[in-house]
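Whole structure, please, built from the sequences with the hints as guidance.
Here is what each chain is made of, one letter per residue.
Number of protein chains: 2
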Amino acid sequence: MVEFQIPQATAKRLSIYYRYLQLLLDSGKDRVSSTELSEAVKVDSATIRRDFSYFGALGKRGYGYDVRNLLEFFSKQLNQDRLTNVALIGVGNLGHALLKFNFHQSNHVRISAAFDVNQDITGTIQNGIPVYPMEDMKEQLKLQQIEIVILAVPANVAQKVTDEIVEVGVRGILNFTPLRVTVPTDVRVQNVDLTNEMETLIYFLDHFGNK
Amino acid sequence: MVEFQIPQATAKRLSIYYRYLQLLLDSGKDRVSSTELSEAVKVDSATIRRDFSYFGALGKRGYGYDVRNLLEFFSKQLNQDRLTNVALIGVGNLGHALLKFNFHQSNHVRISAAFDVNQDITGTIQNGIPVYPMEDMKEQLKLQQIEIVILAVPANVAQKVTDEIVEVGVRGILNFTPLRVTVPTDVRVQNVDLTNEMETLIYFLDHFGNK
Numbered sequence: 001m002v003e004f005q006i007p008q009a010t011a012k013r014l015s016i017y018y019r020y021l022q023l024l025l026d027s028g029k030d031r032v033s034s035t036e037l038s039e040a041v042k043v044d045s046a047t048i049r050r051d052f053s054y055f056g057a058l059g060k061r062g063y064g065y066d067v068r069n070l071l072e073f074f075s076k077q078l079n080q081d082r083l084t085n086v087a088l089i090g091v092g093n094l095g096h097a098l099l100k101f102n103f104h105q106s107n108h109v110r111i112s113a114a115f116d117v118n119q120d121i122t123g124t125i126q127n128g129i130p131v132y133p134m135e136d137m138k139e140q141l142k143l144q145q146i147e148i149v150i151l152a153v154p155a156n157v158a159q160k161v162t163d164e165i166v167e168v169g170v171r172g173i174l175n176f177t178p179l180r181v182t183v184p185t186d187v188r189v190q191n192v193d194l195t196n197e198m199e200t201l202i203y204f205l206d207h208f209g210n211k
Numbered sequence: 001m002v003e004f005q006i007p008q009a010t011a012k013r014l015s016i017y018y019r020y021l022q023l024l025l026d027s028g029k030d031r032v033s034s035t036e037l038s039e040a041v042k043v044d045s046a047t048i049r050r051d052f053s054y055f056g057a058l059g060k061r062g063y064g065y066d067v068r069n070l071l072e073f074f075s076k077q078l079n080q081d082r083l084t085n086v087a088l089i090g091v092g093n094l095g096h097a098l099l100k101f102n103f104h105q106s107n108h109v110r111i112s113a114a115f116d117v118n119q120d121i122t123g124t125i126q127n128g129i130p131v132y133p134m135e136d137m138k139e140q141l142k143l144q145q146i147e148i149v150i151l152a153v154p155a156n157v158a159q160k161v162t163d164e165i166v167e168v169g170v171r172g173i174l175n176f177t178p179l180r181v182t183v184p185t186d187v188r189v190q191n192v193d194l195t196n197e198m199e200t201l202i203y204f205l206d207h208f209g210n211k
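First to last, the protein sequences are chains C and G.
Here the first sequence stands for residues 1 to 211, where the numbers follow this note's numbering.
Here the second sequence stands for residues 1 to 211, where the numbers follow this note's numbering.
Incorrect hints may appear among the rest.
Said to hold, decoys possible - SDA-like cross-link-like pairs, simulated, lysine to any residue; straight-line CA separation at most 25 Å:
1. LYS160/C - GLU36/G
2. LYS42/G - ARG180/C
3. LYS12/G - PHE208/C
4. LYS42/C - THR185/G
5. LYS12/G - ALA155/C
6. LYS12/G - ARG13/C
7. LYS160/G - ALA155/C
8. LYS29/G - PHE208/C
What the hints assert, rightly or not - Just a few of them, taken from the derived set where beta-carbon distance is under 8 Å, the chain G residues facing chain C:
9. SER34
10. GLU36
11. ALA40
12. GLY56
13. GLU197
14. LEU201
I should point out that these hints are in silico values taken from the structure, not numbers from a laboratory.
Every residue, glycine too, gets a C-beta built ideally from N, C-alpha and C.
Printed below as a string of structure tokens:
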């Protein structure tokens, strides 16, 4: 286990490496060079070697990396053998899509509870997941010991909901709202801002034609 | 107009600044300090000052920034006065949510065409947007001069579809598939990988408890 803080960028690439190595193993490949890996995951091979060196995973010159070894190693790093239950708060358009999506690519994340104000869906099971009314949110999060939440509520209630979930012990938030929520320093927020991603893409194409 | 290449991280923050400044103006605020801005958008104020300096937008000591000036400036940078039409390829669960979402927060991006293989929805209008069959994709992209595409197809056809859209002049791809697609150097890809975002969040909480 790595107990020092690795760069966030390296951590983000871990699950990308993991997913690709699994594809390789499934297709019967035993080893991979950093050049092949680089081509597949679109990360330059110097970066890959540096990332791997954080974990002491070193390839052999002229041989490359052993796929099974690497996979086992990353699997442990990513805790792929343990299921993490997360909650979805806000089952609107985007929330509903996230329920259906439900991280099927990953074996170790699952939305196990959802919350919404819409009485047409509260008290029902949507895509296998119970949808509770917002009044039950704090109680259910505590009861189910859920520490990670996907926030997909309207922006105008995002901070209020954030304060409530932090109060009952949530430590990680995947934030789909456009609001940059305020949290205590021991809570981690990962923002997924689709409008921002699109505007950044357009900005670069407009100004630099990607040259 | 800025004609040199600014850092990607700065570019990504542009539309976040823009959105917040618009909120400020709507609420009747004329000026803002970098500290206030920092608190609201969760970017440290040194970074904000550095970002702004790329554009020659400098606040006055003890006064801060003029909201209207900044807004006008960023609006031009982001081409907020011009509508960019983009296409959505793949109207499955996620695609459908994106159609409904349709970047309503932004005045200058709109999905104007969608494509899918599902005959139940091709030839219909979904959320105001025509859904064409995949056979018509290349022709329609050319006809409508669409240069930016949201890719939400299954991973196993992602590369094939990418090759086709690049062939008809697409220069920017917002990639929601888990595949890292291969494109010519003059095409820009922005990956939005939800599983990866979630796994990164879990990884940090598992290993470092966000300390």
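Results for each hint:
| no. | hint | verdict |
| --- | --- | --- |
| 1 | LYS160/C - GLU36/G | holds, 20 Å |
| 2 | LYS42/G - ARG180/C | holds, 6 Å |
| 3 | LYS12/G - PHE208/C | holds, 15 Å |
| 4 | LYS42/C - THR185/G | holds, 12 Å |
| 5 | LYS12/G - ALA155/C | holds, 20 Å |
| 6 | LYS12/G - ARG13/C | holds, 19 Å |
| 7 | LYS160/G - ALA155/C | violated, 37 Å |
| 8 | LYS29/G - PHE208/C | violated, 33 Å |
| 9 | SER34 | violated, 15 Å |
| 10 | GLU36 | violated, 13 Å |
| 11 | ALA40 | holds, 7 Å |
| 12 | GLY56 | violated, 15 Å |
| 13 | GLU197 | holds, 5 Å |
| 14 | LEU201 | holds, 5 Å |
Of the numbered hints stated above, those contradicted by the structure are hints 7, 8, 9, 10, 12, listed in ascending order.
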